[in-house]
Amino acid sequence: GQSLEQPSEVTAVEGAIVQINCTYQTSGFYGLSWYQQHDGGAPTFLSYNALDGLEETGRFSSFLSRSDSYGYLLLQELQMKDSASYFCAVRHRDDKIIFGKGTRLHILP
Amino acid sequence: KAGVTQTPRYLIKTRGQQVTLSCSPISGHRSVSWYQQTPGQGLQFLFEYFSETQRNKGNFPGRFSGRQFSNSRSEMNVSTLELGDSALYLCASSGTENTEAFFGQGTRLTVV
Numbered sequence: 001g002q003s004l005e006q007p008s009e010v011t012a013v014e015g016a017i018v019q020i021n022c023t024y025q026t027s028g029f030y031g032l033s034w035y036q037q038h039d040g041g042a043p044t045f046l047s048y049n050a051l052d053g054l055e056e057t058g059r060f061s062s063f064l065s066r067s068d069s070y071g072y073l074l075l076q077e078l079q080m081k082d083s084a085s086y087f088c089a090v091r092h093r094d095d096k097i098i099f100g101k102g103t104r105l106h107i108l109p
Numbered sequence: 110k111a112g113v114t115q116t117p118r119y120l121i122k123t124r125g126q127q128v129t130l131s132c133s134p135i136s137g138h139r140s141v142s143w144y145q146q147t148p149g150q151g152l153q154f155l156f157e158y159f160s161e162t163q164r165n166k167g168n169f170p171g172r173f174s175g176r177q178f179s180n181s182r183s184e185m186n187v188s189t190l191e192l193g194d195s196a197l198y199l200c201a202s203s204g205t206e207n208t209e210a211f212f213g214q215g216t217r218l219t220v221v
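If you're matching them up, the sequences are chains A and B in order.
Counting from 1, one number per residue, gives the positions in the first sequence under the working numbering.
Counting from 110, one number per residue, gives the positions in the second sequence under the working numbering.
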């Protein structure tokens with residue numbers, strides 16, 4: 001089957017660093033993506049890893065290791081506006097994009 | 110350019126009725142996917158259309174169907190509505206590279 005596992009909730013302090021992990025059980029996929037969704041809003045794209053390694057985009061970085069079936073999203077210098085749900089997703093070779101159940105990030109002042 | 114547009118934004122239906130939701134993708138995008146989002150279940154894949162053909166289908170009953178028109182606009186239909194169909198229905202469009210999905214604001218369906 002195809003499944004992605006990520007923690008349901010994570011709590012961190014403003015200004016700190018937080019890592020949201022995603023493990024997957026699937027094969028034949030092109031890459032791992034991350035999306036952010038604020039309450040009442042639509043998911044928005046954050047990053048895409050086609051190859052193993054780290055991709056950095058400003059305060060956000062994303063990592064993929066195909067050999068470990070694992071990826072993570074790293075958020076640095078946390079701001080209150082980063083409070084949201086974060087979803088990992090895989091794009092399969094048949095072009096279907098499957099999402100995890102999401103991680104709710106709570107940020108404390 | 111305009112983003113993905115979903116109509117209506119909110120809908121209330123009674124059990125047993127049917128509903129049709131509409132999605133207009135970003136201009137030039139030929140792939141349109143539909144997702145159901147409920148609390149704690151994340152985004153569950155319904156189906157994907159590409160150039161008027163259903164290319165992928167998720168694990169939903171046959172009451173859920175869709176179609177795509179020649180201008181890439183897509184509709185999804187749910188027949189014989191059940192209380193459990195209450196959810197946010199999101200549509201996303203993708204371009205040729207398909208590495209990024211652009212989501213609409215969704216249609217909040219409430220079945221009473």
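Some clues are possibly wrong.
Calculated pairs, BS3-like style, for lysine-lysine (alpha carbon to alpha carbon, straight line, at most 30 Å) [claimed, not checked]:
hint	chain 1	residue 1	chain 2	residue 2
1	A	Lys81	B	Lys122
2	A	Lys81	A	Lys101
3	B	Lys122	A	Lys101
4	B	Lys166	B	Lys122
5	A	Lys96	B	Lys166
Ranges between beta-carbon positions, derived for each pair [what the hints assert, rightly or not]:
hint	chain 1	residue 1	chain 2	residue 2	range
6	A	Arg104	B	Gly193	20 to 26 Å
7	A	Gly28	B	Leu192	22 to 28 Å
8	A	Phe45	B	Arg164	37 to 43 Å
9	B	Gln126	A	Ala50	42 to 48 Å
10	A	Ser3	B	Arg176	26 to 32 Å
11	B	Gly112	A	Thr11	28 to 34 Å
12	B	Gln127	A	Thr11	24 to 30 Å
13	B	Arg176	A	Thr26	39 to 45 Å
14	A	Thr11	B	Gln126	19 to 25 Å
15	B	Arg164	A	Ser69	41 to 47 Å
16	A	Thr11	B	Lys122	20 to 26 Å
Hints listed in this document are in silico derivations from the structure and should not be mistaken for laboratory results.
In this text, a Cβ means the ideal position worked out from N, Cα and C, and glycines have one as well.
query = Hint by hint, which ones does this structure get wrong, listed from lowest number up?
reply = Hints 1, 7, 8, 12, 13, 14, 15 and 16 are the ones this structure does not satisfy, whereas the remaining hints hold.
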